[in-house]
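There are 2 protein chains.
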Amino acid sequence: MLLPLFALLAAAQAAPAPAPAPKPTAAQLAAAAPASAWGAIDPQDLLLIDFADGRRSMIWLAPAFAPVHVANIRTIARSGWWKDATVYRVQDNYVTQWGDATEKKPPAAGIVPKPPAEYEWAWGAHGVAVDNPYRDAYATRTGFTPSGWAVAGDGARQWLPHCYGMVGVARDLAPDTGTGGDLYTVIGHAPRHLDRNIALVGRVIDGMAALSALPRGTGGGLGLYEDPKQRVPIKRIAIAADLPAAERPAFEYLRPDAPVFAATLEARANRGGPFFTVPAGATDLCNVMVPVRVVGR
Amino acid sequence: MLLPLFALLAAAQAAPAPAPAPKPTAAQLAAAAPASAWGAIDPQDLLLIDFADGRRSMIWLAPAFAPVHVANIRTIARSGWWKDATVYRVQDNYVTQWGDATEKKPPAAGIVPKPPAEYEWAWGAHGVAVDNPYRDAYATRTGFTPSGWAVAGDGARQWLPHCYGMVGVARDLAPDTGTGGDLYTVIGHAPRHLDRNIALVGRVIDGMAALSALPRGTGGGLGLYEDPKQRVPIKRIAIAADLPAAERPAFEYLRPDAPVFAATLEARANRGGPFFTVPAGATDLCNVMVPVRVVGR
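Protein chains in written order, with this note's numbering: chain A, 1 to 297; chain S, 1 to 297.
Source of the hints: derived by calculation from the structure; they are not laboratory data.
C-beta atoms are modelled at their ideal positions from N, C-alpha and C, and glycine is treated no differently.
Take these hints with a grain of salt, some might be off.
Computed footprint of chain A on chain S, listed as stretches where at least three residues anywhere in the stretch have a Cβ under 8 Å from a Cβ of chain A [as the list claims (entries may be wrong)]: (1) 126-139; (2) 145-151; (3) 214-220; (4) 284-295.
Going by beta-carbon spacing under 7 Å, a handful of chain S positions derived as facing chain A [said to hold, decoys possible]: (5) 197; (6) 228; (7) 230; (8) 232.
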């Protein structure tokens, strides 16, 4: 008896006759994709969080969808406003949130203090490389932009979905839209009811465990750390483009307009490998995750 | 500027004219439900995990859906087979798994070594108190049984969905179905592609953070703890009915056949409170979560 839930390809050993070639997984398809299928992520769009314990989380910013909020975030990062930033909220099956735990700090100089509600836009305004053929609980139409983002909508309007690892801007009650000084990421089942109610500005593409595996807070029914000593210190939040070239991280995404992308989508809906006996025949939008890879690690 | 993502009801203060009564949330509806809306959970169906650090996770077992696997689990708990059990796998956005990390221990005496594949059954075999009106990415029909479980299916067959906190039986490649000696729970976005491929046997209803907030493992691309010292020791796994009465935990669930349940479902689809400006108009099955409460804490 063995137990790892996925005994990857372990079945292939010592078969008496050659087995049919196993159907490739989405990860295998991505790994075999040509270089032309991968697009570079602009280092201006990479926000890194260095924790005091040495761990790093990397966020891919989405300036096309929330330009004012993302411009604010770059300004805040460059201003030093986040020098005392901490993670101060971790609510199980919901969000991890970081920024200014005191809620008292004046906004960073040079930001737009009241950004517009960058929550939705015209369907297709950012292109749709692949229409997703599978049903979605919240949206009648979903797909993937050539720029590498899952989108949801109704054919008229479009928005980013609150999938695992997506990053949004904490806000007060409307009409407040948040400045970008406090951010959160989804650490549980996609809270898609937040879609169109809050600005999404990016996605955690590396080092997610530094945000998702933190102790849960107990304050206010919101996962706030009740004792300031519980807060997780952040050493630096910076834009990758501002780092010396030798230290600058680099990432690529699998382009949804590359032919291989549709195959990876189908592979997520009907999984390959020896483990699955009943194919799902579909996939939730938030179970797709546009593949991302680090360059040169 | 303030930051808690949900400033619960904070808007109500000092309004110049009386505001309309805010729409109640699902939690408020459940809290106001009459005693008759709550059903007791049989202490034979409560599996508790006591960790060496004093934390406890509580699992509600589902014997109606997987009777042989659940009978095995009770036998294993009572046999002492789990006395050296540890958590040995934590894969981000996927599962936490526990049991016999060595994979070498002979099965517990008295169990059914090869249970049937208790993965699906005839639609409605366990009753459907409430049909869920919202779309589902994986199933054409979903609902809630009077016994308190979300179910997915196609009107002919029915199965339990892999939502956050659901507990399943780790298995080897088919035809293996797992004994119940090694269990996992979902700690990320619902991996519904596992539905009908594996036996689900319960749901974590309390102490989820003791399983979800653990350090992620790095082994085999599966989140296995590579160093045995990383494994999280478990002091005891027991059935609540076997504890002395004074120590026995007790829980209740909101009955899906109680009139209030449909209102809580609608409240999950169109959230009340001052935060939301655009109602979702729908909810993912895995964002509903049948309410459960502890008795007498």
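Let me make sure I understand: some of the numbered hints might not hold for this structure. Which ones are they, in numerical order? Hints 2, 6, 7 and 8 not satisfied by this model.
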